[in-house]
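S.K.: Okay, here's what each chain looks like letter by letter:
4 protein chains.
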Amino acid sequence: MPNSFGHLFRITTWGESHGPGIGVVIDGCPPLLPITAEEIQAELDRRRPGQSDITTPRKEADVVEILSGVYEGKTTGTPIGLFVRNTDQRSSAYNEMKAAFRPSHADFTYQSKFGVRDPNGGGRSSARETIGRVAAGALAKKILALANGVEFRAYITRVHDIAMPAGALTEFPTLEQVEATAVRCPHPATAEAMIARIKDVRSNGDSVGGVIECRIRNVPVGLGEPVFDRLEADLAKAMLSLPATKGFEIGSGFGGSLLKGSEHNDLFEKRDGRVRTVTNNSGGVQGGISNGEEIVFRVAFKPTATILQPQQTVDLQGNATELMGKGRHDPCVVPRAVVIVEAMAALVLLDHAMRQAGQNRAFEFPAK
Amino acid sequence: MPNSFGHLFRITTWGESHGPGIGVVIDGCPPLLPITAEEIQAELDRRRPGQSDITTPRKEADVVEILSGVYEGKTTGTPIGLFVRNTDQRSSAYNEMKAAFRPSHADFTYQSKFGVRDPNGGGRSSARETIGRVAAGALAKKILALANGVEFRAYITRVHDIAMPAGALTEFPTLEQVEATAVRCPHPATAEAMIARIKDVRSNGDSVGGVIECRIRNVPVGLGEPVFDRLEADLAKAMLSLPATKGFEIGSGFGGSLLKGSEHNDLFEKRDGRVRTVTNNSGGVQGGISNGEEIVFRVAFKPTATILQPQQTVDLQGNATELMGKGRHDPCVVPRAVVIVEAMAALVLLDHAMRQAGQNRAFEFPAK
Amino acid sequence: MPNSFGHLFRITTWGESHGPGIGVVIDGCPPLLPITAEEIQAELDRRRPGQSDITTPRKEADVVEILSGVYEGKTTGTPIGLFVRNTDQRSSAYNEMKAAFRPSHADFTYQSKFGVRDPNGGGRSSARETIGRVAAGALAKKILALANGVEFRAYITRVHDIAMPAGALTEFPTLEQVEATAVRCPHPATAEAMIARIKDVRSNGDSVGGVIECRIRNVPVGLGEPVFDRLEADLAKAMLSLPATKGFEIGSGFGGSLLKGSEHNDLFEKRDGRVRTVTNNSGGVQGGISNGEEIVFRVAFKPTATILQPQQTVDLQGNATELMGKGRHDPCVVPRAVVIVEAMAALVLLDHAMRQAGQNRAFEFPAK
Amino acid sequence: MPNSFGHLFRITTWGESHGPGIGVVIDGCPPLLPITAEEIQAELDRRRPGQSDITTPRKEADVVEILSGVYEGKTTGTPIGLFVRNTDQRSSAYNEMKAAFRPSHADFTYQSKFGVRDPNGGGRSSARETIGRVAAGALAKKILALANGVEFRAYITRVHDIAMPAGALTEFPTLEQVEATAVRCPHPATAEAMIARIKDVRSNGDSVGGVIECRIRNVPVGLGEPVFDRLEADLAKAMLSLPATKGFEIGSGFGGSLLKGSEHNDLFEKRDGRVRTVTNNSGGVQGGISNGEEIVFRVAFKPTATILQPQQTVDLQGNATELMGKGRHDPCVVPRAVVIVEAMAALVLLDHAMRQAGQNRAFEFPAK
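Taken in order, these protein sequences are the chains called P, G, U and S. Counting in my numbering, the first sequence runs from 1 upward without gaps. Counting in my numbering, the second sequence runs from 1 upward without gaps. Counting in my numbering, the third sequence runs from 1 upward without gaps. Counting in my numbering, the fourth sequence runs from 1 upward without gaps.
Extracted from the complex, chain P is given alone in its bound form:
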């Protein structure tokens, strides 16, 4: 269904940008997981607006409430309802949106498909919808961490044309390294240049995009299904379901097609007492199924569609008009998207893990 994701660990998100709030229902969470609102909040805080001087100055605390599914600090196996109230509802800033279609936004397609749309801040097409994903992702990450020690680490490798140098990362970056800069690039010199670029385009009322890389380690062998529900296929869908994404690649990706088979194949060896590959062009997935190596993928984000410059467009009657972006927007959404990428990846992996292990009581959680 349009607003649900996952099969055994399924989330359903609801709520609009300028309505009462944003919610998510998590159906299929294993019971007895210790969870607090604070743990979920910590992830939401990485996504919320106003967290640094390169994001939108909108101030929304985005405080999460747990409305169901948790009893005495632990999940019960019943659906978990989470809710984040909207507080910063300055919809007057959006009045013009009602009369004309914003270029490269969802206004025209929503209006055409449904015959109606909520123009306040984009309504349902707003990136605020991803709040529910991040909240659910917090649970998914915790389950996988407790059960298998799985770790997710997403970070920015490129903003506009400023890219981290090849080989800059010698190890799996720490969360601290990623969070050290507002731009969430674990290479400090590159991060500095990225921030300068973002501030520069903002000063011109313009915007930029970039690329996020995500690495996942301690993935059990065997996640993913043959044929259609391949792990990389579900990851690709998850990432392309995020606003502003234009591409996905895993392992060697597009560049891999520049290699010959003799260069690209990941030879097997016995290492650390188990079957390993010498290289990881596969990106941790072979035949659609995780092989125990690090999962590595990248996601391309287009520049923010809202810019503070006049743009040619048409009104609801199709007449030519001009629209001047207003409101408070991110000149680059990529830094705030890092935690969303991790969340979606965790949802995909957990769903596949539960297909292997079963829905209920399948995970043994250590006492809190």
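Treat each hint with caution, since some may be false.
Pairs count within a copy or across copies, as identical chains cannot be separated in the list.
[As the list claims (entries may be wrong)] No farther apart than 20 Å at their CA atoms in a straight line, the calculated lysine to any residue pairs in the SDA-like style are these:
(1) Lys326 x Leu267
(2) Lys260 x Val211
(3) Lys142 x Glu65
(4) Lys326 x Ala99
(5) Lys74 x Pro20
(6) Lys326 x Gly50
The set of hints was computed from the structure by calculation and includes no laboratory data. Treat the numbers as computed from the prediction; the structure is a model and nothing was measured.
With chain P held as given, fit chains G, U and S onto it using these hints.
M.R.: For chains G, U and S alone, coordinates are given in the frame of chain P:
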């Protein structure tokens, strides 16, 4: 489910590389569609081995039989069972596969996940599984063509590092242009160089990959759902579910993140009496929903994993060994994958079209 | 998924008996349906406790809030979030439930399945969960009424052994006739006897069950799918998913197996200008598909499990103990279940109608 | 989807009565299950026509072929394709069906829904479709027997008005007792009377229906999901998806509503070292979840719609006409339906068991 794809127009594929044959069940095909085995066969012939001197010399006629769901030449709304018998079952060539894991194949992950695998020609992980997709895609393409005039055109833009020059295509290429060369690149000079490269790597027992671009025109406005079932998300999943794929991008793709918002946004104008965009960086999809412009996406394929060179690997016990590729394989799978890409794209679009229009009697087909 | 129902018009319910509240997300509601909280409230009021002197004296206003999916009084095609806050949280009355399993309740099975349960008022297994179903059913009924004039009428035909006489109903009963008595039996004399029986068993701290019949008219021909998703199969699932139900029958039902084929077959005739059946033993469904006749089915409800008498049971350690029902309960849940039966039937029919007609803009709603 | 059943253990059936054959794809079968065509055949033989002198004299061997998913006698975790070729295709006997709608058959509703139908033997609406269910059920029963010792036993308790006396069965009947008579009633005296009744109505070209009871023992505690996917809800759907069924009840069923709560409640006790109920009015399910007691349910079947008597009907243009049943039909389908009821019950239970235990490698099968 692992072996099903789609919601309202759903296909389920079954069968192994060296078993009795490959089948597909199509559930949800609208009734009264005129269809013949010959029409399906024409698409299968574009996929089958042995069709040119740059593909595998294996000879399989891949003849399709319609076993159910068609009455007096028209679909009845009941499930359509299609079957292609396997004929070239030289499994002796594959004996070594049983004892060792082929690098960058699915042997290790299948064995780890299921505790068993059919080693004959890769069993279920063989690309022969895509026969069912192409057969089902033939129906999907016909329905969309009859109902809306939708046209799908996939072709190769790059083999190894030989790429079609930018701007080489001024128009939507014809099927004849694509089929004119064995490599299915509509730019003759590039095609020639690609074929030479493929023959060259084959002579060294090596392999190459490449990139397929797919364009779709006459797409109705309004296909795709907000949030999770975005059209580009479902296309990404469809493409990454194909063997040997490593990446997907739509519209401006990864390159789009090198532009600023003021360069990337697709301005609206009234053209040909309807709302159009001036540029098409969006690739025909905005907010997850088709906007009526051409859908344009690209898929990256890695080099064929099977090479006729000795490779280091391990056996089922994890001991180091060496495996020498045998059998008859494509040095480059990309030319045969063109029709598979079109088929998967058609499955995605038709499923979304049926979500709009309903499952039964929704499409009015002209008399045959 | 456990907490979702439907495919194209899908609802997901969440919330526990004594938590903050009960919610439902409706995904797939067609856009442009005019809807108000008052219309939904009217249906909830038929379900809520304390509405008459034969229901539980618990007072819960069960006020519904629309939190998303409605813009300027009309649905937008995006998910509709509804929420009903719990107000009467006297969980002290339930303390004993924590220590022992209530007979014929879900305590033992929840505890065994999940290893944990929320004992307050049954938590998620409480019939308060059906609030979400009734709220969603209000929308489904309105859509079907506007689009096709479909009418749903459920009522009680039996309480304990007090049954409406055969042939008592000569016509499709009106809503007023059903609502005329607290017991929702449209035959006044029988209703009076039923009410007396309910008061009688209540005075002994005991309980009774009964049978609900539901009739649906103006059903379009063609709803339901061959083979597995037959209309009667989906209705059966919907009804047996309600708490306290033990049986379902359609048309002639169990009694139909006492007839011979020559007596049971519904002969065809042309009537009112269209193909009709002379009798309706089929209950409006043939081959799993609606034939345009009235849909008629019946649902059996067991007596309320909570009784105010001491009962033998075991505690969490399996030791014998005794449990004395406390709290405020319905001696007979059937009168309040009438609107729930209608709601579930409407969800089933609308889902099938949308499969025929498509998800979006498929229904033309008259201006409000 | 219309022609699929189940979530983790999912079957998809295809094929028409008088086409090339009937098939089923089983997706999600755990790997390493030892299975032979003979084991499946044994179940099909209990369903096939011509097995006794009270069934249709049509002779169809219904020989099953395994076309995929099994390697060296064991399942591989990939989809299992089964096929049964049709051999007795005397469609001339059905010519009249083409011109007029058979009363209480699916002719009219299929024609109305799809605008077309295959009139040969009912096409897809034929009970031959259940071949695929029985074949898949054979695997499901074997898995549950090996993994948990679960046993399914269905049998006839009533034909027309001839019913097994109350209390006739003191123990769980054996397969031999059920198979001892052609009518599959384990009470010999009743069976004799049933057979006489069936022969009697057949001599008049008429037909009868009846009731099947199914008992399942050694069911693990914890199968079934709260709220919508209750075990009894899924069983009800499974049974009402069978041709000719009109009702379903579990445990006390419709009769249970004649008891008071104090009589109906299943008190808990410790017995055999575990928590048991003293009575089993619940039929083995409480709160939608199995409690470890025997699951007991009943299914009502209407009399066979095809009778060898002239019947009033209309033709495709709606004009009155008369139709005389021809062909070779069962005067009572109930004896052949026993194995189908068991199969569907097994599919439901296995699907829920896999939700608990996971899809792959979750069941440890003893060496063959």
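S.K.: Look at each hint and say if it fits the structure.
M.R.: Hints and how they fare:
| no. | hint | verdict |
| --- | --- | --- |
| 1 | Lys326 x Leu267 | between (54 Å within a copy, 17 Å between copies) |
| 2 | Lys260 x Val211 | between (26 Å within a copy, 14 Å between copies) |
| 3 | Lys142 x Glu65 | within (18 Å within a copy, 32 Å between copies) |
| 4 | Lys326 x Ala99 | within (14 Å within a copy, 60 Å between copies) |
| 5 | Lys74 x Pro20 | between (27 Å within a copy, 16 Å between copies) |
| 6 | Lys326 x Gly50 | within (17 Å within a copy, 52 Å between copies) |
The structure fails none of the hints (numbered hints given earlier).
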